[in-house]
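S.K.: Please model the entire structure based on the sequences and the hints provided.
In case you want the letters, here they are:
2 protein chains.
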Amino acid sequence: MNPKLPMSLPLPSRPGCEVRGRCEALFVEAEPHPETRAVSEIALDLQGIPGTRHYGFTRKAGPREPWYKRGMEMRSGRQITIVSREELAAIAALMAIESIAPEWIGANIVVSGIPHFTLLPPGSRIVFPEATIVVEAANAPCRITGKAIARHLTPDAEPGGIDLAFPASAKGLRGVVASVERAGTIRAGEAITVKVPPQILWQAD
Amino acid sequence: MNPKLPMSLPLPSRPGCEVRGRCEALFVEAEPHPETRAVSEIALDLQGIPGTRHYGFTRKAGPREPWYKRGMEMRSGRQITIVSREELAAIAALMAIESIAPEWIGANIVVSGIPHFTLLPPGSRIVFPEATIVVEAANAPCRITGKAIARHLTPDAEPGGIDLAFPASAKGLRGVVASVERAGTIRAGEAITVKVPPQILWQAD
Numbered sequence: 730m731n732p733k734l735p736m737s738l739p740l741p742s743r744p745g746c747e748v749r750g751r752c753e754a755l756f757v758e759a760e761p762h763p764e765t766r767a768v769s770e771i772a773l774d775l776q777g778i779p780g781t782r783h784y785g786f787t788r789k790a791g792p793r794e795p796w797y798k799r800g801m802e803m804r805s806g807r808q809i810t811i812v813s814r815e816e817l818a819a820i821a822a823l824m825a826i827e828s829i830a831p832e833w834i835g836a837n838i839v840v841s842g843i844p845h846f847t848l849l850p851p852g853s854r855i856v857f858p859e860a861t862i863v864v865e866a867a868n869a870p871c872r873i874t875g876k877a878i879a880r881h882l883t884p885d886a887e888p889g890g891i892d893l894a895f896p897a898s899a900k901g902l903r904g905v906v907a908s909v910e911r912a913g914t915i916r917a918g919e920a921i922t923v924k925v926p927p928q929i930l931w932q933a934d
Numbered sequence: 730m731n732p733k734l735p736m737s738l739p740l741p742s743r744p745g746c747e748v749r750g751r752c753e754a755l756f757v758e759a760e761p762h763p764e765t766r767a768v769s770e771i772a773l774d775l776q777g778i779p780g781t782r783h784y785g786f787t788r789k790a791g792p793r794e795p796w797y798k799r800g801m802e803m804r805s806g807r808q809i810t811i812v813s814r815e816e817l818a819a820i821a822a823l824m825a826i827e828s829i830a831p832e833w834i835g836a837n838i839v840v841s842g843i844p845h846f847t848l849l850p851p852g853s854r855i856v857f858p859e860a861t862i863v864v865e866a867a868n869a870p871c872r873i874t875g876k877a878i879a880r881h882l883t884p885d886a887e888p889g890g891i892d893l894a895f896p897a898s899a900k901g902l903r904g905v906v907a908s909v910e911r912a913g914t915i916r917a918g919e920a921i922t923v924k925v926p927p928q929i930l931w932q933a934d
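Read top to bottom, the protein sequences are chains Y and S.
Going by this note's numbering, the first sequence opens with residue 730, and the numbers climb by one from there.
Going by this note's numbering, the second sequence opens with residue 730, and the numbers climb by one from there.
Bear in mind the hints are in silico, worked out from the structure with no lab data behind them.
Being a predicted model, the structure only gives us computed values, none of them experimental.
A few of these clues could be false.
[As the list claims (entries may be wrong)] Calculated cross-link-like contacts (lysine-lysine; reagent style DSSO-like; alpha-carbon spacing at most 30 Å): (1) Lys798/S / Lys876/Y; (2) Lys789/Y / Lys924/S; (3) Lys798/Y / Lys900/Y; (4) Lys798/S / Lys798/Y; (5) Lys900/S / Lys924/S; (6) Lys798/S / Lys924/S; (7) Lys876/S / Lys900/S; (8) Lys900/S / Lys924/Y; (9) Lys798/S / Lys900/S; (10) Lys900/Y / Lys789/Y; (11) Lys900/Y / Lys924/S; (12) Lys924/Y / Lys900/Y; (13) Lys789/S / Lys876/S; (14) Lys900/S / Lys876/Y; (15) Lys924/Y / Lys798/Y; (16) Lys798/Y / Lys876/S; (17) Lys900/Y / Lys876/Y; (18) Lys789/S / Lys789/Y.
M.R.: Here you go:
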């Protein structure tokens, strides 16, 4: 094989594949931030969920992007927040609490049946019957979300308990942020297909 | 280690890293499609290169997305086309031709110094002094581009030569399509840094 062809590089790779799962539940923004409330369907357009804080092709840079000036307008990549039912249960088990409600932590969509959901590579497509969503990145668990969980479970506790346990336990399990590729209405209970693109583990040499 | 933690999964992975390279040349749309012409700088905004065919947060679905209705408005992901000087030379060697000019094949940016450029994982950031571009996907080499190369090298030949050799030889070497994350002016000759995110080779089991 020609040594210039990337196929002959000694880089671990996998072909693309499809996995079937289910949209368990849907949520839209509620008070206080970052909480959401359950709805039976959401009409997605290409900017996300109309009328919500994360709607838009762009957003302002914040503490997640310390390399940009705070408030600078940037490409969003965070229109939609998706979590996995199985991974929420795994985080709760690691935190030794009974459960974490998706609406406590800002989730818009809960899926089930997708193994290692948070580890899906960016560019994976989550295909609903009428809409398609593109995975942008794993969502980094933060202390604000930890505080939101603590508010429900230990409202009288001093900081330093559940608020800190969440970011420590949820790494690699907190779901993904995503953008809408095809607009349309998504409904709780719908079957979904995740299209994982071909993957190559890039390295410099 | 807790078996529920993804870190204990037997999935090949790599930490994030940074690689330094150079922006060799810049190009904007020209006639006939898909050709481009050299410029010394481009003022990128969050929709891409103002005034060009690929400008916009959205685009119409085409033959690259046969699963969508032709003409459906969809998320773009193809604002900017980037190729690597070293990979263009590798394609030319495989095709047994002297060289491929980036302006024949629709490139907006030519970079150098980034190994396996086309294989960069989606979500890699290409950081210029004033702007940042996000890699969306490897660009699939197509016969339209092959025809554009043939028009320059073998204008009198029947179809079935260079036009077909290009998509066969350029797989994994044809560069990437990308979106603008941070607006700003990019200039030929600038140093760039590619920030490759942590990678995990996802699999279902």
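S.K.: Work down the list of hints and note, for each, if the structure agrees.
M.R.: Right, here's what the structure says about each hint:
1. Lys798/S / Lys876/Y: Distance of about 44 Å is beyond 30 Å: violated.
2. Lys789/Y / Lys924/S: Given pair lysine 789/Y, lysine 924/S holds - Cα atoms ~21 Å apart, limit 30 Å.
3. Lys798/Y / Lys900/Y: holds (26 Å)
4. Lys798/S / Lys798/Y: violated (40 Å)
5. Lys900/S / Lys924/S: holds (23 Å)
6. Lys798/S / Lys924/S: violated (35 Å)
7. Lys876/S / Lys900/S: With a Cα-Cα distance of about 16 Å, the restraint between lysine 876/S and lysine 900/S holds, given a limit of 30 Å.
8. Lys900/S / Lys924/Y: At roughly 21 Å apart (the allowed maximum being 30 Å), lysine 924/Y and lysine 900/S satisfy the hint.
9. Lys798/S / Lys900/S: Holds, because 26 Å separates the two Cα atoms, which is no more than 30 Å.
10. Lys900/Y / Lys789/Y: holds (24 Å)
11. Lys900/Y / Lys924/S: At roughly 21 Å apart (the allowed maximum being 30 Å), lysine 924/S and lysine 900/Y satisfy the hint.
12. Lys924/Y / Lys900/Y: This hinted pair holds, its Cα atoms lying about 23 Å apart.
13. Lys789/S / Lys876/S: This hinted pair holds, its Cα atoms lying about 23 Å apart.
14. Lys900/S / Lys876/Y: Not satisfied, since the Cα-Cα distance of roughly 48 Å exceeds 30 Å.
15. Lys924/Y / Lys798/Y: Roughly 35 Å between the alpha carbons, so the hint for lysine 924/Y and lysine 798/Y is violated.
16. Lys798/Y / Lys876/S: violated (44 Å)
17. Lys900/Y / Lys876/Y: holds (16 Å)
18. Lys789/S / Lys789/Y: The hint holds at about 27 Å.
Hint compliance for this structure: hints 1, 4, 6, 14, 15, 16 are not met, and every other hint is.
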